[in-house]
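Hey, can you work out the whole structure from these sequences and the hints?
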Amino acid sequence: MVRIRVLVVDDHRIFAESLAAALAAEPDVEVSAAGSGPAALRCLERAAAEGRRYDVLLVDADLGGHVPGARPAVPVREGDEDGLVDGISLVTGVRTAQPGVRIVVLAEKDDPRRAALALGAGASGWVAKDCSLSRLLSVIRGVLRDETHLPPALLTGVLRELTAVRKHRSESERLVESLTPREREVLRCMVAGLGRKAVAERLYLSPHTVRTHMQNVLGKLGVHSTLAAVALARRAGVGPADLAGDVVERGGQLA
Numbered sequence: 001m002v003r004i005r006v007l008v009v010d011d012h013r014i015f016a017e018s019l020a021a022a023l024a025a026e027p028d029v030e031v032s033a034a035g036s037g038p039a040a041l042r043c044l045e046r047a048a049a050e051g052r053r054y055d056v057l058l059v060d061a062d063l064g065g066h067v068p069g070a071r072p073a074v075p076v077r078e079g080d081e082d083g084l085v086d087g088i089s090l091v092t093g094v095r096t097a098q099p100g101v102r103i104v105v106l107a108e109k110d111d112p113r114r115a116a117l118a119l120g121a122g123a124s125g126w127v128a129k130d131c132s133l134s135r136l137l138s139v140i141r142g143v144l145r146d147e148t149h150l151p152p153a154l155l156t157g158v159l160r161e162l163t164a165v166r167k168h169r170s171e172s173e174r175l176v177e178s179l180t181p182r183e184r185e186v187l188r189c190m191v192a193g194l195g196r197k198a199v200a201e202r203l204y205l206s207p208h209t210v211r212t213h214m215q216n217v218l219g220k221l222g223v224h225s226t227l228a229a230v231a232l233a234r235r236a237g238v239g240p241a242d243l244a245g246d247v248v249e250r251g252g253q254l255a
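Quick note on numbering: the sequence shown equals residues 1 to 255 in the UniProt record's numbering.
Relax, there's no trap hidden among the hints.
Just the calculated beta-carbon pair ranges, DEER-fashion: (1) GLU45 to GLY222: 41 to 49 Å; (2) SER138 to PHE15: 17 to 25 Å; (3) ALA25 to GLY193: 47 to 55 Å; (4) GLU50 to THR156: 36 to 44 Å; (5) PRO240 to PRO152: 37 to 45 Å; (6) LYS197 to ALA128: 47 to 55 Å; (7) ASP28 to LEU155: 28 to 36 Å; (8) SER18 to ALA231: 37 to 45 Å; (9) ARG42 to SER18: 20 to 28 Å; (10) GLU45 to GLU147: 23 to 31 Å; (11) GLY222 to GLU147: 35 to 43 Å; (12) LYS109 to ASP28: 29 to 37 Å; (13) SER225 to LYS109: 29 to 37 Å; (14) LEU155 to ARG46: 34 to 42 Å.
Bear in mind the hints are in silico, worked out from the structure with no lab data behind them. Predicted model only: the values in this text are computed from it and were never measured. Yeah, the Cβ is synthetic: ideal placement off N, Cα and C, and Gly gets one too.
This is how it looks when you write it as structure tokens:
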């Protein structure tokens, strides 16, 4: 019998223990649990190293990290319940590190915006915590067939949210495309958190020239602060400058 390996990630011990026990009663399900995001990531890493990857992650939408005195339903490692990783961030991290793992988010209440964020981060489903065990098992088996599961009442709201996100991203991409190559490099430095002096040293420009580039970037993006420019850049998919590996061309060829 092929067994489905499930990892429950929830910092509410009673809920995690109850859900793990209920799932473990199924003959084709093997279940473990972790009480925080960091614990879940370490559990996934160890399982992958041992050649026993998890198939499905059940993640608490309101995952808050460390709860004093709390332990995983099935201990992952002693003393590993430190740090903070929220549910949506965990979805992003797991999908990046182990794209083969399917993720279902468990939520206390329906929230179209957060459900859209979860799907955008790579989750395959959003399920109410008070759903029946049979419903949850159906979702678990469904996502392994590459299905996406949402409560019918959420569908319209989630589609609206995803459409809005795509619209904002398209507008942000259009604005970023209006920048010159040098302005885009300056923007990447801004995304990396570099100040004017650091950008000047990195790009071999004078602080005055960098200030002019930054002002041009803000103007073309239609924003009034560095923070707003960075947020828009992130929406457009602009990553930070590689402070370790990038080779920057000297002189004024790109200025």
